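Undergrad: Sequence:
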Amino acid sequence: KEELLQRALMAYRAEQEKPPGVSRRSSRDICTDFEKVYHSTTGKHISLCHVTLLRRHNGHKSRLEAGQDQEWLLPEETKIIVDYLVNSAQQGFPLSHQRLKYEVDNILRARLGDGFPEEGVGKRFTERLVKKHGDRL
1 KEELLQRALM AYRAEQEKPP GVSRRSSRDI CTDFEKVYHS TTGKHISLCH
51 VTLLRRHNGH KSRLEAGQDQ EWLLPEETKI IVDYLVNSAQ QGFPLSHQRL
101 KYEVDNILRA RLGDGFPEEG VGKRFTERLV KKHGDRL
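Residue numbers (the UniProt record's numbering): 1 to 137.
Calculated directly from the structure, the hints in this document are not laboratory data.
Mimicking DSBU-like on lysine-lysine, the simulated pairs with C-alpha atoms at most 30 Å apart in a straight line are:
#1 Lys79 <-> Lys131
#2 Lys123 <-> Lys61
#3 Lys132 <-> Lys1
#4 Lys18 <-> Lys36
#5 Lys79 <-> Lys61
#6 Lys131 <-> Lys101
Label pairs and their in silico Cβ distance ranges:
#7 Leu64 <-> Val22: 30 to 38 Å
#8 Glu71 <-> Ser26: 29 to 37 Å
#9 Asn106 <-> Thr32: 50 to 58 Å
#10 Val130 <-> Ala66: 16 to 24 Å
Model, not experiment: these values are computed from the prediction.
Virtual Cβ for every residue (Gly too), placed ideally from N, Cα, C.
Please model the entire structure based on the sequences and the hints provided.
TA: Now the structure itself:
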């Protein structure tokens, strides 16, 4: 759905670039057109909200993007941690929650310095990390 919305957004932006006085298609019409094309190619119905399209056009982030901004670890750091977990487990030394928290806290203190809380990541951080990346662990 996100990919379809991005394509609709590109079409809407192209419409907005038309010179004044030239007829432009509305966000609602563009969403409807993309829904029809998607249905004809896949046989599945999907709804695109024209208000969401307008918000994205005005710079609002998707829920996924907004959520990523609130995460402590950068995507590269998360990849390093997950790879470290996998390698440790393959060698027969799976990390405990305490040890994982220790490693994550060290990475974040190195990057954020005094901007990182003294108590480190929260109590459920490791649980959420394992849940989010469970397919690799």
